[in-house]
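Participant: Line by line, the protein sequences are chains A and B.
Here the UniProt record's numbering is used: position 185 in the first sequence is 185, and no number is missing along the way.
Here the UniProt record's numbering is used: position 83 in the second sequence is 83, and no number is missing along the way.
Each hint should be verified, as a subset may be incorrect.
[Unchecked claim] Far from chain B by the CB rule (all over 12 Å, computed), these chain A residues:
hint, residue
1, LEU31
2, PRO35
3, ALA40
4, MET43
5, MET46
6, LEU96
7, THR208
8, ARG220
9, VAL232
[What the hints assert, rightly or not] Chain A regions said to be covered by chain B (calculated; three or more residues, Cβ under 8 Å):
hint, stretch
10, 10-23
11, 117-130
12, 221-228
None of these hints come from the bench; they were simulated from the model.
Cβ atoms here follow ideal geometry from the backbone N, Cα and C, with glycine treated the same way.
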Amino acid sequence: MNRVLRAAGRLWAVPVVLVVWELVTRAAEDLSFPPPTTIAASMYEMWLTGPAERLWLTEAALENIPASVGRLLAGWLLAGVIGIALGIAMGRLPLLFRFLDPLVQFARAIPPPMLLPFFMALFAIGPRMQINVIVFGIIWPVLINAGEGARLVDRQHLDTARVFGLSRGQRLFQIILPSAMPKIFAGLRVSLSLALILMVISELVGSTDGIGFQLLDAQRSYDLPGVWGTIVVLGVLGYVLNSAFLAAERRVLSWHRAAKQTT
Amino acid sequence: MIGRRLLDSKPLCGALGAAGLFCVLEATGRTGLISPIVFPLASTVLGRAVELATDADFLLDVVSTLGAWALGLLLTVVIAVPAGFVLGTLPRAETALRPILEFLRPIPSLALIPLALALFSDKFDMKITLIVYAATWPVLMNTLYGLKDVDPLAKETLRSFGFGPLSVLWRVSLPSTAPFVATGVRLASAIALIVAISVELLAGGSDGIGVFLIEVGGSPDAMVYIIATAIWAGVIGLVSDSLFVLAERRIFRWHTARTEVV
C-alpha cells in the first residue's frame, strides 16, 4: 500500500501532462497535433485489431516489429562480438593499439548517417545494408571500452595467474574478459541505444518493411496520428530494450558489485 | 635498439597504421580482388578528398552545416543549462518531471524527422529544432549529475556565513557543475553534427553536407564522392571533439575527477 502511494506520488505529473495535452490539442484543433486519445486510437487500429488467434496483433505489427527488432539485435550482437574481440586484442597488444588507435578514433568521428549512402551504393536496399550500417555505426563504443577494460586489468591478477600456470586462453577467459566486463557492458549499453537510432534511420531511407518504413508510410499518407503513434512505439521499444539490458547487466555483473563492496 | 625507439613514437605508429590501410585498400583494388568499380581505389578517393577542399560548392555546404550545428549547440546550452539548474535545485520539480523525461529520452531523435517534416515548412527551422531537441539530453543530464556532485560542505559553509541561496548557487554550485556541463556540451556537439547531417540527408534542403551527398548521389562516380565526403565529415568531427577536449583541459585544470556520464 505504502509503495503504491509512493509510486503515485512520483508519477502524478504524468496524468496531469496527458490531460493538459488532451485539452490543449482539442481546443487548438490543429491537424498536426492530434490529442493523445486520437493517437492511442490510431495505435490500437494499427497494431491491435487483428484476429484473436494471433493475439489480436495486426499484419503490420507481426511484419514490421519483428523485422525491425531482428535487424537491430543482429547488428548489435555482431558489433558486440567483433568489437569485444578487436577491442581486447588492441587492449592487450600495445603495438597494435598504437598502430590502430588513430584509425579507430577517426572512424568513430564519422557521423554514422554518412554511412547510409555508402552502404546503399555498395549493397542496394535491404537487410544486408541495414545491418551493415548498424554494425559500423555502433561498434566503436564497444571496441573502445573493451580495449580500455583489457588494458587496465590488474597486474597482480595477471601475475598471479601466470604463477599458477594458467595458459594464455585461460588467462583471457578467466582474468582479462571478466575484469573488462563492466567496461564492455557500458559500451554495449551506449551501442544499444545507437542501434535503435540507426535502425530507424536506415529504414527511413532503404526499406520495404520495419517500424521506420511504417513511420515514413504514415507520414507520406498524411496520417499524423499514425506518425505520432509510431514514435510512441519507438520510445516504448527504446525503454524496453534499455530496461532489459540493465536487468541483464545487474545479473551478469552482480559479482562485480559484490567485489566492490567488500574491498 | 633504434627500431624499438621508433615504435615508441605514437604519431609515427599512427601514421604507419593509416599508410598500411591505404596500401592494403589500394592493393586490393589494383590486383582486382575488389573491383574498383564497386569500391574505388584509395588513391582516387584521397585525390577527390583533396579536390573537395577547394571545391566552392562543397565548402559552402560545409559552412552551412557547421552554421546550423553551432547555432543549434548555442541554443541547446541556453535552454538546457538553466533547465538543469531549475530541476536540480527544485527536487520536487525533478521527481515530478523525471518519469516524463525518462519516457522522452529513449525516443530516437532521428525518428522525429518524419513528424518534423509535417510540422515545419522551413527546412532550416526544422534542422535547428531537431538539433536542439537531441543535443539537450546530454547537457541536461550532465548538469543534473553535476549538481548532485556539489560538495555539500562547501554549500553549508557559505550558508552559515550568511550567503543567500542565489549567491551559493553562483559561488559554489555553478563553478563546481561547470566541468560536467562542459562534458555534456562536448557529447552534445557530436550528436548535433549527426542530427544536422541526418536531417539534410533525409529531408533535403537548399544546402549542407547531407544535401551535397544527395546531389552527388546521381553522378557516375558517386561512391568516390561519398567516401571523400565521409572523410571530411570524420575530420570535422575529430577536430571539433579535440578542440572541446583541449578547452575542457585548459579551463578546468583544477577539476581532477574527469567523470563522464552519457
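Participant: If a hint holds in the structure, say so; if it does not, say that too.
Facilitator: Structure-based check of all given hints:
1. LEU31: 9 Å, violated
2. PRO35: 15 Å, holds
3. ALA40: Check passes; 15 Å lies beyond 12 Å.
4. MET43: 14 Å, holds
5. MET46: Holds, since 15 Å exceeds 12 Å.
6. LEU96: Non-interface label on LEU96/A violated, nearest chain B Cβ at 9 Å vs cutoff 12 Å.
7. THR208: Label holds. Min Cβ-Cβ 16 Å, cutoff 12 Å.
8. ARG220: 9 Å, violated
9. VAL232: 8 Å, violated
10. 10-23: holds (count 6)
11. 117-130: holds (count 4)
12. 221-228: This one holds; 4 residues, not fewer than the three required, reach chain B with a Cβ under 8 Å.
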